[in-house]
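> Dock chains B and C against chain A, hints included.
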Amino acid sequence: MKFGIVVNEGPYQHQASDSAYLFAKAAIAKGHEVWRVFFYHDGVNNASKLTEPPQDDRNIVNRWAKLAEEHKVDLVVCVAAALRRGIKEENLAQGFRISGLGQLVEAGIKCDRLVTFGD
Amino acid sequence: MLHIINKSPLTSVSLDSCLNTATGGDILLIEDAVYAATRGNAGEAKLRNAMGRFKVHVLMPDLEARGLGDRLMEGVSPVDYGGFVDLTSSNKTCQSWL
Amino acid sequence: MSDAKKFMFVNRKAPYGTIYALESLEVVLITAAFDQDVSLAFLDDGVYQLKKGQQTKGIETKNFSPAYRALEDYDIEKLYVEKEAMEARGLTEEDFLVPVTLLSRAEMGKLMDEQDVVLSF
Numbered sequence: 104m105k106f107g108i109v110v111n112e113g114p115y116q117h118q119a120s121d122s123a124y125l126f127a128k129a130a131i132a133k134g135h136e137v138w139r140v141f142f143y144h145d146g147v148n149n150a151s152k153l154t155e156p157p158q159d160d161r162n163i164v165n166r167w168a169k170l171a172e173e174h175k176v177d178l179v180v181c182v183a184a185a186l187r188r189g190i191k192e193e194n195l196a197q198g199f200r201i202s203g204l205g206q207l208v209e210a211g212i213k214c215d216r217l218v219t220f221g222d
Numbered sequence: 025m026l027h028i029i030n031k032s033p034l035t036s037v038s039l040d041s042c043l044n045t046a047t048g049g050d051i052l053l054i055e056d057a058v059y060a061a062t063r064g065n066a067g068e069a070k071l072r073n074a075m076g077r078f079k080v081h082v083l084m085p086d087l088e089a090r091g092l093g094d095r096l097m098e099g100v101s102p103v104d105y106g107g108f109v110d111l112t113s114s115n116k117t118c119q120s121w122l
Numbered sequence: 791m792s793d794a795k796k797f798m799f800v801n802r803k804a805p806y807g808t809i810y811a812l813e814s815l816e817v818v819l820i821t822a823a824f825d826q827d828v829s830l831a832f833l834d835d836g837v838y839q840l841k842k843g844q845q846t847k848g849i850e851t852k853n854f855s856p857a858y859r860a861l862e863d864y865d866i867e868k869l870y871v872e873k874e875a876m877e878a879r880g881l882t883e884e885d886f887l888v889p890v891t892l893l894s895r896a897e898m899g900k901l902m903d904e905q906d907v908v909l910s911f
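Residue numbers (the numbering used here), protein chains in the order written: chain A, 104 to 222; chain B, 25 to 122; chain C, 791 to 911.
Next up, chain A with everything else stripped away, as it sits in the complex (with noise of 0.2 Å):
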């Protein structure tokens, strides 16, 4: 099954996106795909290359590229909600891209199930 996967909140400040990682985790590990994880609202924050957790904690930036990298999962930030909170080109995080909200809907559409983590 394909599944789109859309996460609402930043990382550390809220559970959101540890919840959307280990579910897109535990979808893969079960066989299906993992289409896309399209990052809007604070959702956005998780795209950038600046954070840096201490060194016992998670690194939840480079899990959500990790992850993208090995089972080839669309990572897309929205623009708009981007820009909004200083997330560009030039602090995103490797293994993300830019994209407008476009992207959300063809998850919509595409995808046979999907999934919102949020606040």
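No lab work stands behind these hints, which were simulated from the structure alone. Being a predicted model, the structure only gives us computed values, none of them experimental. Treat the hints with caution; some may be incorrect.
Stated by the list, open to error - The list that follows gives simulated cross-link-like pairs (lysine-lysine, DSS-like), each with its CA atoms no further than 25 Å apart:
hint, chain 1, residue 1, chain 2, residue 2
1, C, K868, B, K70
2, B, K116, A, K213
3, B, K116, C, K868
4, A, K105, C, K795
5, A, K128, A, K169
Stated by the list, open to error - Sample of chain B residues with no beta-carbon within 12 Å of chain A, all distances over it, derived:
hint, residue
6, N44
7, N65
8, G67
9, E68
10, A69
11, K70
12, R72
13, A74
14, G76
15, R77
16, K79
17, L83
18, P85
19, D86
20, G93
21, S101
Stated by the list, open to error - Under 8 Å between C-beta atoms, here's a sample of chain B residues computed to sit facing chain C:
hint, residue
22, L34
23, S41
24, T45
25, T47
26, M97
27, P102
28, T117
29, Q119
30, S120
31, W121
32, L122
Glycine included, C-beta positions come from ideal geometry on N, C-alpha and C.
Leaving out everything else, chains B and C in the frame of chain A:
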């Protein structure tokens, strides 16, 4: 339909709204909503009453993280992230009551 | 339209206190361009989004409520308000910026069941 709730029933109306509005189906309690699945919480009776219409599940890693893994209310079925994925695939749609 | 999916946007949050209502509306407008079957549902504090007479000058924030009136131009005409949520907030249909269809909780639940994609922010 799968209804995903992520808020504590003691601070948010999300679970109540879902119980009042949704016709039935599966409910999955995640994040702070797992408190709704614990024995002795003030909303226990309400959730129990809804069990005829809904099948209620709780994401165990979230309940265990909060130190309440041993207080699971009777009738709520525990799932892991794999079970969460199965619930989303067995239901045609899912809705997060954010 | 035959292969269009039924998209429902569920709005349960009030405007201004958080950005969700505004950014949700931005998605709705984009979805209209994809020729999908779009409905908007307003429950809980989401019904406050539709209140007439929003004056945001004093909080130095853009008043985005006129955008609800523009939905019609995008052929988005299915706006559903949960009657119980409206009444619980001391509002009536006359308080809203745009014409809406009032649904009971039961009717709203049934409509949700008919959707292919339910988005909430």
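> Holds or violated: B:K116 with A:K213, Cα cutoff 25 Å?
holds (14 Å)
> Test the statement that B:G67 is away from the interface with chain A: the closest C-beta pair must be farther apart than 12 Å.
Holds, because the least Cβ-Cβ distance between B:G67 and chain A comes to about 20 Å, which exceeds 12 Å.
> Given the hinted pair A:K128 and A:K169, is their alpha-carbon gap at most 25 Å?
holds (11 Å)
> Can the hint on B:T45 be confirmed by a CB-to-CB distance to chain C that is less than 8 Å?
holds (5 Å)
> Under 8 Å, Cβ to Cβ, is where B:M97 needs to be relative to chain C, so tell me if that hint holds or is violated.
Because about 24 Å separates B:M97 from the closest Cβ in chain C, which is outside the 8 Å limit, the hint is violated.
> Minimum C-beta separation from B:K70 to chain A exceeding 12 Å: can you confirm that?
holds (23 Å)
> Close enough to count: is the Cβ of B:P102 nearer than 8 Å to one in chain C?
violated (25 Å)
> Are all C-beta atoms of chain A more than 12 Å from that of B:E68?
Check passes; 23 Å lies beyond 12 Å.
> Taking the least C-beta to C-beta distance, is B:Q119 closer than 8 Å to chain C?
holds (4 Å)
> Quick one: work out the minimum CB distance from B:P85 to chain A and report holds if it exceeds 12 Å, violated otherwise.
At roughly 8 Å from the nearest Cβ of chain A, B:P85 sits no farther out than 12 Å, so the non-interface label is violated.
> Is the interface hint for B:T117 satisfied, with its Cβ closer than 8 Å to some Cβ of chain C?
Given a least distance of 6 Å, the restraint on B:T117 holds.
> Tell me if the interface restraint on B:S120 is satisfied: Cβ within less than 8 Å of some Cβ in chain C.
Holds: closest Cβ of chain C sits about 6 Å from B:S120, inside 8 Å.
In summary, the numbered hints that this structure violates are 1, 17, 18, 19, 22, 26 and 27.
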